[in-house]
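Chemist: With the hints as constraints, model all of the structure from the sequences given.
Listed below are the residues making up each chain.
2 protein chains.
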Amino acid sequence: MRRVYNFSAGPAVLPEEVLQEAADEMLDYRGSGMSVMEMSHRGEIFDGIIKEAEQDLRDLMHIPDNYKVLFLQGGASQQFAMIPMNLMKNKVADYIVTGQWAKKAYQEAQKYGKANKIASSEDKTFSYIPDCSDLPVSEDADYVYICENNTIYGTKFKELPNTKGKTLVADVSSCFLSEPVDVTKYGIIYGGVQKNIGPAGMVIVIIREDLITEDVLPGTPTMLTYKTHADNNSLYNTPNSYCIYICGKVFKWLKKMGGLEAMKERNEKKAAILYDFLDNSRLFHGTVEKKDRSLMNVPFVTGNKELDAKFVKEAKAAGLENLKGHRSVGGMRASIYNAMPLEGVEALVAFMKKFEEENL
Amino acid sequence: MRRVYNFSAGPAVLPEEVLQEAADEMLDYRGSGMSVMEMSHRGEIFDGIIKEAEQDLRDLMHIPDNYKVLFLQGGASQQFAMIPMNLMKNKVADYIVTGQWAKKAYQEAQKYGKANKIASSEDKTFSYIPDCSDLPVSEDADYVYICENNTIYGTKFKELPNTKGKTLVADVSSCFLSEPVDVTKYGIIYGGVQKNIGPAGMVIVIIREDLITEDVLPGTPTMLTYKTHADNNSLYNTPNSYCIYICGKVFKWLKKMGGLEAMKERNEKKAAILYDFLDNSRLFHGTVEKKDRSLMNVPFVTGNKELDAKFVKEAKAAGLENLKGHRSVGGMRASIYNAMPLEGVEALVAFMKKFEEENL
Ligand SMILES: Cc1ncc(COP(=O)(O)O)c(C=O)c1O
Ligand SMILES: Cc1ncc(COP(=O)(O)O)c(C=O)c1O
Ligand SMILES: [Mg+2]
Ligand SMILES: [Mg+2]
Ligand SMILES: [Mg+2]
Ligand SMILES: [Mg+2]
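As they're listed, the protein sequences go chains A and B.
The first sequence begins at 1 in full-length UniProt numbering and counts up one residue at a time.
The second sequence begins at 1 in full-length UniProt numbering and counts up one residue at a time.
No wet-lab data here; the hints were simulated from the structure.
Among these hints, one or two may not hold up.
Which copy? The list can't say, so a pair holds if one copy fits it or any two copies do.
[Unchecked claim] Computed list of lysine-lysine pairs in DSBU-like fashion (alpha-carbon distance at most 30 Å, straight line): (1) Lys166 with Lys124; (2) Lys256 with Lys103; (3) Lys227 with Lys114; (4) Lys166 with Lys89; (5) Lys227 with Lys91; (6) Lys51 with Lys316; (7) Lys51 with Lys104; (8) Lys89 with Lys111; (9) Lys91 with Lys291; (10) Lys51 with Lys313; (11) Lys255 with Lys158; (12) Lys111 with Lys124; (13) Lys91 with Lys111; (14) Lys51 with Lys310; (15) Lys51 with Lys256; (16) Lys269 with Lys252; (17) Lys185 with Lys264; (18) Lys255 with Lys353; (19) Lys353 with Lys264; (20) Lys104 with Lys291; (21) Lys117 with Lys227.
This structure is a prediction, so every number in the text was calculated from the model and none was measured.
Modeler: What follows is the structure, encoded as structure tokens:
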């Protein structure tokens, strides 16, 4: 068996022991005689799986009782519509645009009401997080929206924006469970699981109960109404049950690793190795303002496109996979999610050193 | 390792060799050093997986070039909204209501325009398929909708309705790939894969190209617009990539088994064993009109609720799982999808015989 260091931005590396367990249980989940893939989502065994997954997530994030946890299909992209359809009672929302995903969410919201771009970092290719301490938040805004960690550009909100009392909605797809979080500061925290948690095909939505209402925009599909799923504990229709099962295993793994405090420490250590190298390298450099650097996604460049391409190719040959930057920005990007071991980052830096020596 | 005979209506039994292959490839897909769960959906390897899956499905169903194949999230339930949002140009559609799923689709469509119930079998608990040779199809209907195989009630359209020239839209969730189909007779064929094809979390939509337009109802989310996904070959956003991979393996298995002609023969043989027994049993009987019997879902009862419960319990103890009927109808239901081996049906009938002897 071969295993590479996989720096993909998502779908992304998963803990090896989770994969091993899934392989072992594939034909017979704990003596049931069935794969989890084959099980009725209304059966007793799956009921245990989904409830345990939810409880473990609640434990990890200290999710208060007045928040629901929803396991939904459609990806993060579907939330771009679902959020305004469910939350835009006044048909006004404020968006802070710090990257492509925030921009897409902002554009989608324009279909449903007045979406205001109250801040943006597009002027400098989204390489920083704007000062959000005193933004012109709209009087009648139904919510203020952020993308907390910008997967493509490698920036992260180190401080939440001052929403002046308005509900905060955050896309945390690429920083989910990477560090402790104060859930009470948000109305909705959501993210696709395919980066830091599990296989693609599911989004987890953590939503404060008062935001779950029947009073949605006219024409909102039943399936795009949070209440539908909240009332049925994510079993209104058939969920992505195998994904819930794998995510559940990752939650157990995170608990065993020491929870989100421990993950934060580990992630800071990993990121420091890479950023320190970038800051001292004469060939490579990071593209993001230091204060706003993400612990999860680290974009970097040599400044020479051919050299970038050569690097990605040679790294791949050395077992360092998926280092190419997003197709919209080029260069390189190393995504170093929870499941990326320290040794993976060390191997990457060692390879970069060698490449620098050979190519400078 | 234990394996039971699993009669679940969905998620449901999968071919054992598919599960075995998935287990073997879990940590290292063919020397890539990654699980398919961990792979970028924009990478070369996954590109091969999704293209091969689509081509194999096209081969199996003889899908003409002027139809697109879409791999979407949200389940069949999300299609209940997506169909009217995309197809209701005149805001009129005709629904044939033959079960709970058709009824839900019909109810959802009422949000978006005039949905007419042009036929129904609700008068006799959906135990038959109405005569659809000369229905009052609306002059300006954008489409006529059916649920071709009714999972809960065990009925199947043996002949397609006469739509009088209107576009036919069919939910084939529980009969997908169970027999050959003439795709050209439909505008849309769609189904959740979690019954006859793969793990839950995906719907396959086979749609004639002229039905894919930008002219959708106002407020239709980008993610609920067929064109979004058609233009991006199902990669507008991250798809349920692991599910696509497993479905691809099932397509290969179906080809190896001899394709849909061979599956039909096999399914007819399996169903005959069960229906013949039911017709001759003094304890058990089927609940569906003979001419409309499904090859996939076989509901039956003893006529005594306690005896039904006893049967389900004892069958479970004997390794015959998930025989309880749908919570809305009670009794028993044996789903005998493609992956249920002949031996499974034989074992069920043998157990029913024994139970009859002991309880009559
Ligand atoms: C921050 C963020 N939001 C949203 C998305 C879109 O997610 P999905 O592909 O599940 O729709 C991504 C995907 O990369 C992302 O990184
Ligand atoms: C015929 C049919 N249509 C639709 C559905 C709903 O599918 P999903 O749970 O994927 O939304 C089902 C589920 O059992 C079904 O049998
Ligand atoms: Mg971004
Ligand atoms: Mg440098
Ligand atoms: Mg039905
Ligand atoms: Mg009988």
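Chemist: Next step is simple, just say for each hint if it's right about the structure.
Modeler: Structure-based check of each hint:
1. For a Cα distance limit of 30 Å, the shortest separation of Lys166 from Lys124 inside one copy, 28 Å, qualifies, whereas the shortest one across copies, 53 Å, does not.
2. For a Cα distance limit of 30 Å, the shortest separation of Lys256 from Lys103 qualifies neither inside one copy, at 37 Å, nor across copies, at 46 Å.
3. With identical chains, the CA atoms of Lys227 and Lys114 are at most 30 Å apart both within one copy (23 Å) and between copies (25 Å).
4. With identical chains, the CA atoms of Lys166 and Lys89 are at most 30 Å apart within one copy only, with a shortest distance of 13 Å there and 39 Å across copies.
5. Taking CA atoms no more than 30 Å apart as the test, Lys227 paired with Lys91 passes in both settings, with 19 Å inside one copy and 26 Å between copies.
6. When the C-alpha separation of Lys51 and Lys316 is checked against a cutoff of 30 Å, the pair qualifies only between copies, where the shortest distance is 23 Å, while the shortest distance within a copy is 40 Å.
7. Taking the shortest alpha-carbon separations for Lys51 and Lys104, only the inter-copy value of 27 Å comes in at or below 30 Å, while the best intra-copy value is 33 Å.
8. For a Cα distance limit of 30 Å, the shortest separation of Lys89 from Lys111 qualifies both inside one copy, at 14 Å, and across copies, at 19 Å.
9. Taking identical chains as interchangeable, the C-alpha atoms of Lys91 and Lys291 are never at most 30 Å apart, the minima being 34 Å within one chain and 53 Å between chains.
10. When the C-alpha separation of Lys51 and Lys313 is checked against a cutoff of 30 Å, the pair qualifies only between copies, where the shortest distance is 24 Å, while the shortest distance within a copy is 44 Å.
11. In the homo-oligomer, the alpha carbons of Lys255 and Lys158 lie at most 30 Å apart inside one protomer (24 Å), although the nearest pairing across protomers, at 53 Å, exceeds that limit.
12. Taking the shortest alpha-carbon separations for Lys111 and Lys124, only the intra-copy value of 27 Å comes in at or below 30 Å, while the best inter-copy value is 44 Å.
13. In this assembly of identical chains, Lys91 and Lys111 lie within 30 Å of each other by CA distance both inside one copy and across copies; the values are 10 Å within and 20 Å between.
14. Proximity of Lys51 to Lys310 under the C-alpha cut-off of 30 Å is restricted to the inter-copy arrangement: shortest distance 28 Å between copies versus 47 Å within a copy.
15. In the homo-oligomer, the alpha carbons of Lys51 and Lys256 lie at most 30 Å apart inside one protomer (19 Å), although the nearest pairing across protomers, at 39 Å, exceeds that limit.
16. In this assembly of identical chains, Lys269 and Lys252 lie within 30 Å of each other by CA distance solely inside one copy; the values are 22 Å within and 45 Å between copies.
17. With identical chains, the CA atoms of Lys185 and Lys264 are at most 30 Å apart within one copy only, with a shortest distance of 19 Å there and 57 Å across copies.
18. In this homomeric assembly, Lys255 and Lys353 never come within 30 Å of each other (Cα to Cα): the closest approach is 35 Å inside a single copy and 50 Å across copies.
19. Proximity of Lys353 to Lys264 under the C-alpha cut-off of 30 Å is restricted to the intra-copy arrangement: shortest distance 26 Å within a copy versus 61 Å between copies.
20. Within a single copy, Lys104 and Lys291 get their C-alpha atoms as close as 25 Å, which meets the 30 Å cut-off; across copies the closest is 51 Å, which misses it.
21. Taking the closest pair of Cα atoms, Lys117 and Lys227 come within 30 Å of each other both inside a single copy (28 Å) and across two copies (27 Å).
Hint compliance for this structure: hints 2, 9 and 18 are not met, and every other hint is.
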